[in-house]
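**Student:** Build the full structure now, drawing on both the sequences and the hints.
In our numbering, each number is its position in the sequence shown, counted from 1, plus 23.
Some hints could be false.
To be verified - Each pair of labels, with its calculated beta carbon distance range:
#1 D289 / D210: 18 to 26 angstroms
#2 P49 / R69: 15 to 23 angstroms
#3 G37 / P208: 28 to 36 angstroms
#4 D95 / R69: 29 to 37 angstroms
#5 D158 / R32: 24 to 32 angstroms
#6 E251 / R30: 18 to 26 angstroms
Unchecked claim - Under the rule of at most 30 angstroms between Cα atoms (straight-line distance), these lysine-lysine pairs were calculated in the DSBU-like manner:
#7 K225 / K163
#8 K213 / K168
#9 K168 / K193
#10 K163 / K174
No lab work stands behind these hints: they were computed from the structure.
Heads up, the beta-carbon is just placed ideally off N, CA and C, and yes, glycines get one too.
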Amino acid sequence: MQVHDTRHRRSKIGGHTIFLREAGPPDAPVLLLPHGYPCSSYQFRRLMPGLADRWRTIAFDWPGFGYSDTPDPAEFDYDFNAYAGVLADVADALHLERYALWLHDYGSQIGLRHAIAHPDRIAGLIIQNGDIYEDVLGPKYDTIKAWWADKSFKRHRPLEEAVSEEGFRKEFIGEVSEEVASRVPPDLWKLHWPLMNTPIRKAVSVLLMEKLEQNIEWFRRYQSYLREHRPPTLIVWGPQDGYMPEQSALAYRRDLPDAELHILDDAGHWLLETHFEEALRPVRDFLSRMLP
Numbered sequence: 024m025q026v027h028d029t030r031h032r033r034s035k036i037g038g039h040t041i042f043l044r045e046a047g048p049p050d051a052p053v054l055l056l057p058h059g060y061p062c063s064s065y066q067f068r069r070l071m072p073g074l075a076d077r078w079r080t081i082a083f084d085w086p087g088f089g090y091s092d093t094p095d096p097a098e099f100d101y102d103f104n105a106y107a108g109v110l111a112d113v114a115d116a117l118h119l120e121r122y123a124l125w126l127h128d129y130g131s132q133i134g135l136r137h138a139i140a141h142p143d144r145i146a147g148l149i150i151q152n153g154d155i156y157e158d159v160l161g162p163k164y165d166t167i168k169a170w171w172a173d174k175s176f177k178r179h180r181p182l183e184e185a186v187s188e189e190g191f192r193k194e195f196i197g198e199v200s201e202e203v204a205s206r207v208p209p210d211l212w213k214l215h216w217p218l219m220n221t222p223i224r225k226a227v228s229v230l231l232m233e234k235l236e237q238n239i240e241w242f243r244r245y246q247s248y249l250r251e252h253r254p255p256t257l258i259v260w261g262p263q264d265g266y267m268p269e270q271s272a273l274a275y276r277r278d279l280p281d282a283e284l285h286i287l288d289d290a291g292h293w294l295l296e297t298h299f300e301e302a303l304r305p306v307r308d309f310l311s312r313m314l315p
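**Tutor:** Written out as structure tokens, the structure reads:
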């Protein structure tokens with residue numbers, strides 16, 4: 024069996040030191056992989072070599088996450104617009120003109136802002152548990168919504184408590200069955216938490232939760248982009264997700280009626296950890312048609 028290595032480096036991009044992972048031939052069609060919360064580019068460590076025989080895959084850590092630097096909040100806004108700017112900077116620095124985007128968790132919000140700004144660059148979308156429909160948000164949003172309605176210390180405290188090693192553990196395994204959870208390596212929180220356990224990074228994580236309120240206002244813009252541009256789209260979804268249940272996946276069909284949809288019944292938010300082979304097959308098939 025041929026083994027495809029992933030290459031790792033840190034590079035100065037857009038004024039920040041960004042940690043990048045790359046796999047695949049440098050002249051192959053490109054899949055960009057912005058990550059979600061509370062992880063880093065580490066979440067794509069299996070996917071990248073799984074595609075590297077035919078595609079160039081690129082993942083990186085956002086500022087304030089993983090092995091990228093942590094700018095002073097006075098110099099970087101730590102909001103979805105600022106991160107969309109980082110995504111554009113990465114694409115420009117690597118001289119990428121057209122590519123598919125993987126949209127997961129926060130990465131879906133950031134990636135769609137990038138797509139709205141650069142629609143000509145987007146060859147296709149792969150959506151994995153990324154929500155943009157307010158009426159089908161899951162019950163786990165209730166804690167954040169309570170703070171939106173009452174910005175008191177009492178309502179804010181649960182957001183702060185979620186940014187902890189135990190909070191991260193619950194994000195990764197708290198919503199799936201015991202058998203599915205057993206497939207999730209504890210490295211995801213045991214190794215990532217020490218990287219996030221600094222005053223600035225913890226504050227940034229809470230700040231991004233707060234700014235989800237502003238992000239709701241963008242949902243209609245995301246939906247309009249999908250309706251107007253109809254990018255080829257694959258949806259691979261784990262419905263055991265308190266933030267983004269199955270209805271959040273089905274809602275995409277409102278604006279993308281031709282989207283290819285795969286619901287992996289007992290999977291949750293981190294299906295690449297627990298249902299990798301089941302997800303890889305439709306991803307490879309989709310990319311072979313969109314990025315031959």
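**Student:** Please write out, lowest number first, the hints stated earlier that are contradicted by the structure.
**Tutor:** 5 and 6
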